[in-house]
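Peer 1: The residues making up each chain are set out below.
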Amino acid sequence: MSRVLLSVLVMALVTLFTRAAPFLFFSRRRPPAFLDYLQRYIPPVVMSLLVLASFKDIDFAAAPHGLPALAGAALTALLHGWKRNVLLSIGGGTALYMLLIRLV
Amino acid sequence: MSGKQAQAAGGLLSAAFRASLPVLLGYTTIGLAFGLVLVGSGLPWWLSPLMAVFVYAGAAQFMGVGLLAAGTGPAEIGLLTLLMNARHAVYGLSLLERFRKAGAVKPYLVFGLTDETYGLLTTVAPPEGADGIRFCALVTALDQAYWVAGCAAGALLGRALPFDTSGLDFALTALFVVLLVEQLRSVRRAEPYLVAVLAAAAARLLASPRDFLLVSLALAIGGLALLRGRLEGPAGGSGRKPGSGGPGARTEAPAAEAGPEGAAR
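So the sequences go chain by chain: D and G.
Numbering-wise, my numbering comes out as the position in the first sequence, counting from 1, plus 12.
Numbering-wise, my numbering comes out as the position in the second sequence, counting from 1, plus 34.
It is worth saying that the hints were derived from the structure and are not from the lab.
Just to be clear, a hint being listed does not mean it is correct.
[What the hints assert, rightly or not] Computed footprint of chain G on chain D; a stretch qualifies when at least three of its residues, placed anywhere within it, have a C-beta under 8 Å from a C-beta of chain G: (1) 38-49; (2) 58-64; (3) 77-90; (4) 97-105.
Every residue gets a Cβ at the ideal spot worked out from N, C-alpha and C, and that includes glycine.
Please model the entire structure based on the sequences and the hints provided.
Peer 2: Dropping the structure here:
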């Protein structure tokens, strides 16, 4: 349990650091060009990797071939592209996934 | 406090409450899902409100629960949290000026700068003649109160009614898909996504499943470093090509203006 609490403490400090970093380092000067470049392209890379990481343990060779997760993710993306309502997108995709793992 | 001041304070609170309404529904429901997922993965319920109070980061909290349940160590969790939340550093860049005179509440404003709170603070104006910083602080505190309430309620609900929540953890995947769609809207270059896919494929082959995220991120950042000349365009001199696919108009422009010019004013 102390390991879990330590991890939570680390998460809290690191999160605070990411939010405070610009106020600590760049209130008087412009960020270095390479950092400025990285911060622009890290978000799309991180989000892509997090989605891919969610799929990495699925065995696509065996039935149901990852269908529930693929369908759930596709519905989430479609709903979000259409309505751009975070709750609707997450709720719809998750409901479809939960339904499919019980039926398929 | 005189009657008039009390009235003004009440007016400011109700204005902040009205501004925060869009976040109320979102934070309570996603917090509820978070609490259910946390209890469902075998962690003690009180960890949910604890994380909501001290970590206060939706996507990172979900990721952290997955990692904790898988037995990942604090150092790796810390590094992944850093990369997951690196996007928050962008928000601060555009609020440097606004928070400069915030005084005692500044640390809390900075701590509470989630995606949604940033969105509210940069779109909703404080009421006419009101203290802008107090308004920001109230909105931030209300947002966090919704999140803590949702996380606590979800965890208690999951503990009280051990119903079949299998598959509910897909809410995390769905959240990442939503965030990816948002990125696809604002960063309209193929390279970052291709870099991510290639890095993920390489990590799948090279690394153990537990190290997948860390290894793929390291490879992807290496890939981005190699592509810098290409992504920043042939201009090179300015190092910034306006409108060529930075992460969205709402962060790009202020981030660019909040530098030395802002400080010199």
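Peer 1: Find the hints from earlier in the document that the structure breaks and name them by number, from lowest to highest.
Peer 2: none
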